[in-house]
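Engineer: Taken in order, these protein sequences are the chains called A and B. With the first letter of the first sequence counted as 1, position 49 gets the number 49 in the numbering used here; the numbers rise by one all the way through. With the first letter of the second sequence counted as 1, position 144 gets the number 650 in the numbering used here; the numbers rise by one all the way through.
Since the hints were made in silico from the structure, they are not lab data. Model, not experiment: these values are computed from the prediction. The C-beta atom is built at its ideal place from N, Cα and C for all residues, glycine as well. Among these hints, one or two may not hold up.
Unchecked claim - Negatives, chain B to chain A, calculated, CB over 12 Å:
no.	residue
1	556
2	633
3	698
4	710
Unchecked claim - Derived coverage of chain B by chain A (criterion: at least 3 residues anywhere in the stretch with Cβ under 8 Å from a Cβ of chain A; other residues may be distant):
no.	stretch
5	540-551
6	672-680
7	683-694
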Amino acid sequence: MSMTSLLAFTPWPPLSALILLILGVTALYLARGTAHQAIHALFTMLNRGFRLASHAVSRGQARIAARNREVLLAAGREAKERIIEREFVRVGDTVRKDLAGYPDMHRRLSESIVRIEEDQQKAVEVPPEAPGWAKAVETVAKLGNGKDGTNILQDIHKSMVKAHGEAMDDYRKASSERHALLRRMMPDWRAIQETLGRVNTSVESVLARSMTIDRHMEEYDAMVRGEDHAVAVLSSSSVVYFFISAFVLAVATAGAAINFTLIARPMAEMVGGTSFVGDFRTADIAALVIIMVEISMGLFLMESLRITRLFPVISALSDKMRVRMIVITFTILLMMASIEAGLAYMREVLLQDELATSSVLRGDSAAAAAVNPHLWITTAAQMGMGFILPFALTFVAIPLETFVHSLRTVMGVVAIGVMRAVALLFRVLASGSRHLGTLMQQVYDMLLFVPLWIETRMAAAAAAEAAEDAADAAYGVAEPVFRPDPHFAGKRHGPDEAEALQEARS
Amino acid sequence: MKQPLVMLCCAMVGLCACAPSATHHNTGVYLLVDTSGTYNRQVGKAEQIILFALSRLQPTDSIAVARIDTGSFSEKNIIAKATFDDRPSTANQQKRAFASRVERFIDESTPAPYTDITGGLLQAIEFLKEKDTGRKEILIFSDMKEDLAKGYVRDNLPLDFKGFDVVALNVTKLRSDNFDPRQYMERLDSWRARVEHAGGHWRVINDLDRLDGLL
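Isolated chain A (complex conformation) (with noise of 0.2 Å):
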């Protein structure tokens, strides 16, 4: 029905329409309190919905945080006992070392010590003997001037002349032979010096490892007691280590690409150039296959050797079975490398046959002909790459442990960030729905401005003349009463008419 068909009831469309108009308010009117009760009812159902979901995802949130910080904190205490674990075992190797060298370092010391003593002992200085002849000199003088005495004391003058010079020699043999002595101790003092100064080296290395034991053990209790700077610390790490795992792969996948380059085009020989499986030719999936399996054979590699833990059946192997495991992952890689080198050097062939079969088809015999004398070393380069790159891809496995295990902590943190805004906006739409609901019903009030505008009139004077009826009866008709009328705002009953109001009431 179009609005000139609607509008032809009467001869005259602005009639019409003033009729529907009146019509139509009159019914909004009469559904007032029905409308105004549906829309309280459709906004508080969805303010309540909304926060219903809001704290449904909050719940959710807080799950997620805990279970992510218990997943943090147990990762934290893994790495650390790993941590500790090794400390403790350098400390064992250090302390096992010098331990072991001990009793030797001791008889060493001790032959040393004797040596110095017995060295020491000998070279004591001997006093020289007091002289004898003092005495006999003396008495000799109290003879008097005689020649005798002269001749005696001259003889004595010789001998002990002789008898000094004897002494003399005596200790000046006795000086060096004390002197040669001590230079003998020497080597003993140094052997002694270096041996303490290695003992020194190696307890301050215990030392600094014991502090350093210390703080991880620190650490290892704030974890143990699930302290929020512990998770923090871990939480932040953990993302720092994602970034630069996530770096590290990006950069490993480039260099799985180099490798697929190399390997692709010679796998057309092996398995044809133009079989596809699906929309993939089969030659490419084929050296992607190879590559792959390359780096699982890192993984296991990587594995059996202890250094990444991604698989806990590996790790609980044997000893015996590791290293089994160990000789066969490295043969197989080997044996890769070796053949990705000889489809790196097939690759250098075929590049050279289709350049040659170009030139043909093109008429160019001459550049069909020409050998590059410098093609050796671009395809020695490509055949280093090709056996090399298997086994740079090995250690991809250090990262990926590293980007696996930070994963799921980063996508704790992001999945709780994402919950924690959809609850936000959960809550801002159970707060706009109810503040709707409010401005809906003031939209309905709006058309019906007419009418209300009536009722209000009409409710301010039935509410007039019930105040005055209260007030007459609170007052009595005793004495007029002088109020101005709600309704006639600045009219005033003057006293001849409350006379007569007085009178029409009594």
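With chain A fixed as given, assemble chain B onto it according to the hints.
Structural biologist: This is chain B only, laid out in the frame that chain A set:
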């Protein structure tokens, strides 16, 4: 015990689903070289096109070069044919050998008195259908003026060009075309109608320096 077996079966089915698809990705090219009359002088250009086609073809593609002469519906008219090996290196060797055979033919080509284009087309359809390639291209290096010898019946032959691309290359204008260009137009239009009526796709490339759209 049953569960691993079921899983194994599922894995086998999955592997079978991933096996090399039977869809044909290869191309078959049949090149007809007109050696009749004065057009025989254009065979040098035909060599250029053949080498171009060879450079574009991949392993497992097929190619044949045949001569259009008095009676073209014959295997004897095929100068060289090859289906390239799956291995690129072998395919390259085949291409070089093919190129040398074509070169020999170009050197030894002699003019034919008549032009049996329809017979050549029939031979091309037969060859490419037999090869069952995914894409089928018939390249006709000719002025498209058919001139049959007495006794050769080529009218109302059922040519089935469904799935075929027919490309007329280097369609030169004859002396009579210069007098009345409508003959040239009508000739090309009649071939177009014939190919398209039989379900094929028709194209004309006269500028041999711009063969990028070819193959």
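Engineer: Confirm or reject each hint.
Structural biologist: Hint check results:
| no. | hint | verdict |
| --- | --- | --- |
| 1 | 556 | violated (9 Å) |
| 2 | 633 | holds (20 Å) |
| 3 | 698 | holds (31 Å) |
| 4 | 710 | holds (24 Å) |
| 5 | 540-551 | violated (count 0) |
| 6 | 672-680 | violated (count 0) |
| 7 | 683-694 | violated (count 0) |
When the structure is compared with the earlier hints, violations turn up for hints 1, 5, 6 and 7 and for no others.
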